[in-house]
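Residue numbers (my numbering), protein chains in the order written: chain A, 11 to 187; chain B, 295 to 649.
Since the hints were made in silico from the structure, they are not lab data.
Built from N, CA and C at the ideal position, the CB exists for glycine as well.
You may find that some hints are simply not true.
Only some residues are given here: those of chain B computed to face chain A with a beta carbon under 8 Å [stated by the list, open to error]:
no., residue
1, Leu299
2, Arg557
3, Val558
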Amino acid sequence: MQSEVMFAGFGGQGILLIGKILAHAAMEEGFEVAWIPSYGPEMRGGTAYCTVVISDRPIGSPIIKNPLHLVAMNRPSLEKFAPAVKPNGVILVNSSLIDIDCGRQDVDELRVPVVDIAQKIGNPRAANIVALAAFVARSRIVSIDTLKKCVEHEFQKKAKLIPLNLKAVEEGVKAAG
Amino acid sequence: MGKVLMKGNEAIAEAAIRAGCLNYFAYPITPQSEVAEYLSRRMPEVGGVFLQGESEVAVSYMIFGAAAAGARVFTTSSSPGISLMSEGVSYIIGAQCPAVFVNIMRGGPGLGGILPSQADYNQATRGIGHGDGHLLVLAPASVQEAVEMVMQAFPLAEKYRNPVMVLGDGLIGQMMEPVEFPDHLKTEPSDKDDWATTGMDTRKSDKRNLVRSLFLDPVQLNENNLALKRKYEQMKKEEVRFEQYNTDSDYKVLIVSYGTMSRVCKTAIDMLGEQGFAVGLVRPLTVFPFPEEAVNKAAAKKGCEAVLSVEMSMGQMVDDIERSVRGSCPVHWYGKCGGEVPTPEEVIEAVKQLM
Numbered sequence: 011m012q013s014e015v016m017f018a019g020f021g022g023q024g025i026l027l028i029g030k031i032l033a034h035a036a037m038e039e040g041f042e043v044a045w046i047p048s049y050g051p052e053m054r055g056g057t058a059y060c061t062v063v064i065s066d067r068p069i070g071s072p073i074i075k076n077p078l079h080l081v082a083m084n085r086p087s088l089e090k091f092a093p094a095v096k097p098n099g100v101i102l103v104n105s106s107l108i109d110i111d112c113g114r115q116d117v118d119e120l121r122v123p124v125v126d127i128a129q130k131i132g133n134p135r136a137a138n139i140v141a142l143a144a145f146v147a148r149s150r151i152v153s154i155d156t157l158k159k160c161v162e163h164e165f166q167k168k169a170k171l172i173p174l175n176l177k178a179v180e181e182g183v184k185a186a187g
Numbered sequence: 295m296g297k298v299l300m301k302g303n304e305a306i307a308e309a310a311i312r313a314g315c316l317n318y319f320a321y322p323i324t325p326q327s328e329v330a331e332y333l334s335r336r337m338p339e340v341g342g343v344f345l346q347g348e349s350e351v352a353v354s355y356m357i358f359g360a361a362a363a364g365a366r367v368f369t370t371s372s373s374p375g376i377s378l379m380s381e382g383v384s385y386i387i388g389a390q391c392p393a394v395f396v397n398i399m400r401g402g403p404g405l406g407g408i409l410p411s412q413a414d415y416n417q418a419t420r421g422i423g424h425g426d427g428h429l430l431v432l433a434p435a436s437v438q439e440a441v442e443m444v445m446q447a448f449p450l451a452e453k454y455r456n457p458v459m460v461l462g463d464g465l466i467g468q469m470m471e472p473v474e475f476p477d478h479l480k481t482e483p484s485d486k487d488d489w490a491t492t493g494m495d496t497r498k499s500d501k502r503n504l505v506r507s508l509f510l511d512p513v514q515l516n517e518n519n520l521a522l523k524r525k526y527e528q529m530k531k532e533e534v535r536f537e538q539y540n541t542d543s544d545y546k547v548l549i550v551s552y553g554t555m556s557r558v559c560k561t562a563i564d565m566l567g568e569q570g571f572a573v574g575l576v577r578p579l580t581v582f583p584f585p586e587e588a589v590n591k592a593a594a595k596k597g598c599e600a601v602l603s604v605e606m607s608m609g610q611m612v613d614d615i616e617r618s619v620r621g622s623c624p625v626h627w628y629g630k631c632g633g634e635v636p637t638p639e640e641v642i643e644a645v646k647q648l649m
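Isolated chain A (complex conformation) (with noise of 0.2 Å):
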């Protein structure tokens, strides 16, 4: 069994670091793991996206062109890659910020204001971590208990964000429903 994930948004939106956090969780449950980020000639304030691929047995190609969940931070990044996604995936859609669904019928589609959410438990740079555990949630991808040890571990040097950032799993999780 095979999965990819894609985290797409605006640079800045903390993308690449819960594609490296989600990574991690499934390395600790055993799994292989490839985390490739974009790194072209990107725009400031264009997009910056990083697929993981989460696999049972060695992963082969690690360029993936149909991934098969997406977690849409910005609304260019839903318009660009959910028509990509493989049909029964997950779509993570950053509501806060993107007014028009997924437009597709065959996807597991989870709206979520991870900005709104991040800003009411006090700082709006953890949407990120909100959409990450919410989709965690959602797809069953790595365990919460998981996910929240590498929340952690990821802190680790900045250990007074540690709290928020737990909070900011919870809520994710919460949202997911």
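Please build the complex by placing chain B on the supplied structure of chain A, with the hints as guidance.
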């Protein structure tokens, strides 16, 4: 230490330290700058040296100097930077010094692009600079393999007193994968007092080591080149490494592919297998010395009708494959060279055209 999730470039940097290399000279260039970024922090921690040169040409001579003094030394760069280093590499080959070069290839020619490519194949396998010379060239297909190859590269460079190159591409450098680091290398080059300029005490010995690539006496220069040739012949006997995939099947098409591209080919081969088409793969782990015999045997296998070179260059590896296949079946090429890594579906399409 268990598995850690690391970016290829950072893992390469850490691997060099664990190989006992405490000298790193470099000039930043995408897509490998994280190596320098990582070592600018890490080298001081372990008592090593990182000096950023004013250019890649300068870097190549810093490498030469450290190597001539018997120190373990390496650098990393990407395609245009490696071209600038080619002069120094030639001198290092001529002077028979050990050093490790990592090339995280990007598209060319010229400034090209910054995305993955394998278009420096000919440059890497044909010695890079002027004169009769080669580097031993290892081609990793994963972050784990990049770590292992960097750690193997130092003892190999010392065994042959010749530069060794680890030839990766932008994807290997930028991708994060789990890695497990092998134990620290404990070995030291044992014979360096025989050749390196180690500052020997002339009161105790009148032996004087001279490291040079200038031989004005034509007989001496010819002898130096014969010595180099003997080393390359020895590499061909002792260092050829390759992997075979699905070669037990009755394949009609054999793919030869290395590095990142070979991973995509493995996925394509699995997918073709599900559709009922058997395809074999020989993956060179050393591109110099090239696994001639393995490719020859795999192409000569009964039922094999065509060989396909799949590479992110415009067919540079085809020469080596044809030389190995020796006419037993036709050699075709598929690839892309702009920075896009071909997908498994595109490789499948190219294979099916041969069936």
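Under the constraints set out in the numbered hints, which ones does this structure not fulfil? none
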